[in-house]
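S.K.: Sequence:
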Amino acid sequence: MRPTHLDEEHELIRSSLREFLEAEIAPELPAADREPMSKAEAIEYQKLLGDLGIGPGDVEGDGFADPLTYAVTSEEISRIWPSLNVTLNMSFPTVFARYAGEETRAALGDKLDDGSCIGCMAVTEPDGGSDTRNPATTAEKEGDEYVIDGEKTWVSNAPIADMALVVAHDEALGQRDFFIVDCVTNDVETRELHKLGWNGSPTGQMFFDEVRVHEDDKLMNAVTEMVASGESDITDNEMFRTQNPLNAMFSYMRTGMAAMSVGIMQAAYEDALRYAKQREVFGGPIGGHQLVQEKLYEIRAGLETGRLLTYETARKVAEGDPEARLYSSLAKGWVCETSVDVTDTALQIHGGNGLSEEYPLERYYRDARTMTVPDGTTDIQKLVVGKELTGESAYT
1 MRPTHLDEEH ELIRSSLREF LEAEIAPELP AADREPMSKA EAIEYQKLLG
51 DLGIGPGDVE GDGFADPLTY AVTSEEISRI WPSLNVTLNM SFPTVFARYA
101 GEETRAALGD KLDDGSCIGC MAVTEPDGGS DTRNPATTAE KEGDEYVIDG
151 EKTWVSNAPI ADMALVVAHD EALGQRDFFI VDCVTNDVET RELHKLGWNG
201 SPTGQMFFDE VRVHEDDKLM NAVTEMVASG ESDITDNEMF RTQNPLNAMF
251 SYMRTGMAAM SVGIMQAAYE DALRYAKQRE VFGGPIGGHQ LVQEKLYEIR
301 AGLETGRLLT YETARKVAEG DPEARLYSSL AKGWVCETSV DVTDTALQIH
351 GGNGLSEEYP LERYYRDART MTVPDGTTDI QKLVVGKELT GESAYT
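Going by my numbering, the letters in the sequence shown line up with residues 1 to 396, in that order.
What the hints contain is simulated information worked out from the structure, not anything from laboratory work. Worth double-checking, as some hints may not be accurate.
DEER-style ranges, computed between Cβ atoms [said to hold, decoys possible]: (1) E44 - K195: 18 to 24 Å; (2) A26 - E304: 19 to 25 Å; (3) L246 - P126: 40 to 46 Å; (4) Q348 - A26: 20 to 26 Å; (5) K39 - E140: 26 to 32 Å; (6) E304 - D7: 15 to 21 Å.
With a straight-line Cα cutoff of 27 Å, these simulated DSSO-like cross-link-like pairs (lysine-lysine) come out [to be verified]: (7) K141 - K39; (8) K111 - K47; (9) K387 - K195; (10) K111 - K39.
Even for Gly, the Cβ is constructed at its ideal location relative to N, Cα and C.
Turn these sequences into a full structure, and let the hints steer you where they fit.
M.R.: This is the structure:
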């Protein structure tokens with residue numbers, strides 16, 4: 001069923017992308033998901049999808065500009081391989097790198113021009129968890145530079161990133177800020193981390209030891225330059241013109257996370273329905289059993305309601321709706337949690353085969369369970385929604 005906010009162009013993007021993914025990416029699975037992709041592999045995937053106008057590899061336009069297209073592509077890529085979508089979407093900060101300080105632009109320019117620049121968002125800290133408002137990582141002003149010291153963890157793309165968007169405490173202003181850090185010329189140490197799901201996507205810790213960045217590398221300065229240039233399609237979005245750019249960015253990312261979960265649910269639904277029709281016990285297909293039909297009902301209901309909420313959220317983000325922040329947290333929390341239930345039920349339909357690595361159900365479940373933690377845990381999303389509804393903050 002086509003969500004009401006999508007037009008024929010969006011559906012054309014969906015169908016052409018699905019055809020590409022099934023032909024070029026699906027045959028590589030599950031082997032490709034058993035280990036984190038290398039930097040060379042990530043660049044190859046990024047450029048292939050960039051040729052389709054998707055993600056940071058799109059050098060002709062802004063592969064992240066339209067939230068509805070972003071949701072469609074996140075859903076379709078995640079239907080096949082969520083790890084690939086994580087690697088692409090976590091490069092979102094590269095859209096700001098063209099408008100950073102002169103030295104950073106010089107260091108990253110060639111990579112930005114050929115679609116090979118890989119980015120990451122360095123937010124979470126070992127002792128901070130969800131407390132992103134009070135980072136221990138510091139940015140000390142020295143002349144026209146900032147000196148960044150600190151440690152980040154659970155950073156997608158960290159081991160292969162060319163640039164990072166780093167949350168740090170501006171010591172001079174006494175507040176949190178974001179800094180664009182060039183990892184090509186700066187000595188940023190990383191350590192790879194292994195996790196339950198998204199196994200094909202590299203994740204790691206980042207260590208910043210007196211890393212120097214120019215004051216023009218502050219995110220707000222880059223956003224101001226981006227808006228003034230009029231060159232980036234992403235600034236056509238109302239949220240970037242009328243709201244805090246940080247909130248706009250998080251709303252984008254959380255909408256993409258919800259769309260990823262829809263893609264995972266779609267894959268689980270297709271496999272569960274196919275298995276229910278083909279698997280025969282007690283003289284007939286298990287799809288004829290009442291309890292299996294009940295499970296299919298639950299799966300389809302979760303899929304369709306999750307998709308509708310996700311695309312309503314994408315519409316609100318695209319239009320700069322005042323409720324976009326509320327909806328993005330609502331979708332990220334609810335749809336990601338629903339995907340855990342859906343994949344669990346789909347796995348149950350497969351019985352013992354659902355536990356086997358010869359079937360993709362165990363991967364769907366692991367990937368879905370992983371969805372509920374990054375970009376703000378479900379508990380944090382509930383608090384964001386609560387604050388938006390009541391005007392009262394339950395956290396500081």
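S.K.: Each hint: holds or not?
M.R.: Hints, one by one, checked against the model:
1. E44 - K195: 18 to 24 Å: At roughly 23 Å between Cβ atoms, K195 and E44 fall inside 18 to 24 Å, so the hint holds.
2. A26 - E304: 19 to 25 Å: Since A26 and E304 have Cβ atoms about 24 Å apart, the given range 19 to 25 Å holds.
3. L246 - P126: 40 to 46 Å: 22 Å, violated
4. Q348 - A26: 20 to 26 Å: Taking Cβ atoms as reference, Q348 and A26 lie about 24 Å apart, which means the hint holds.
5. K39 - E140: 26 to 32 Å: Given about 31 Å between the Cβ atoms, the range holds.
6. E304 - D7: 15 to 21 Å: 20 Å, holds
7. K141 - K39: 33 Å, violated
8. K111 - K47: 11 Å, holds
9. K387 - K195: 31 Å, violated
10. K111 - K39: Status holds; Cα separation ~13 Å.
Hint compliance for this structure: hints 3, 7 and 9 are broken, all remaining hints hold.
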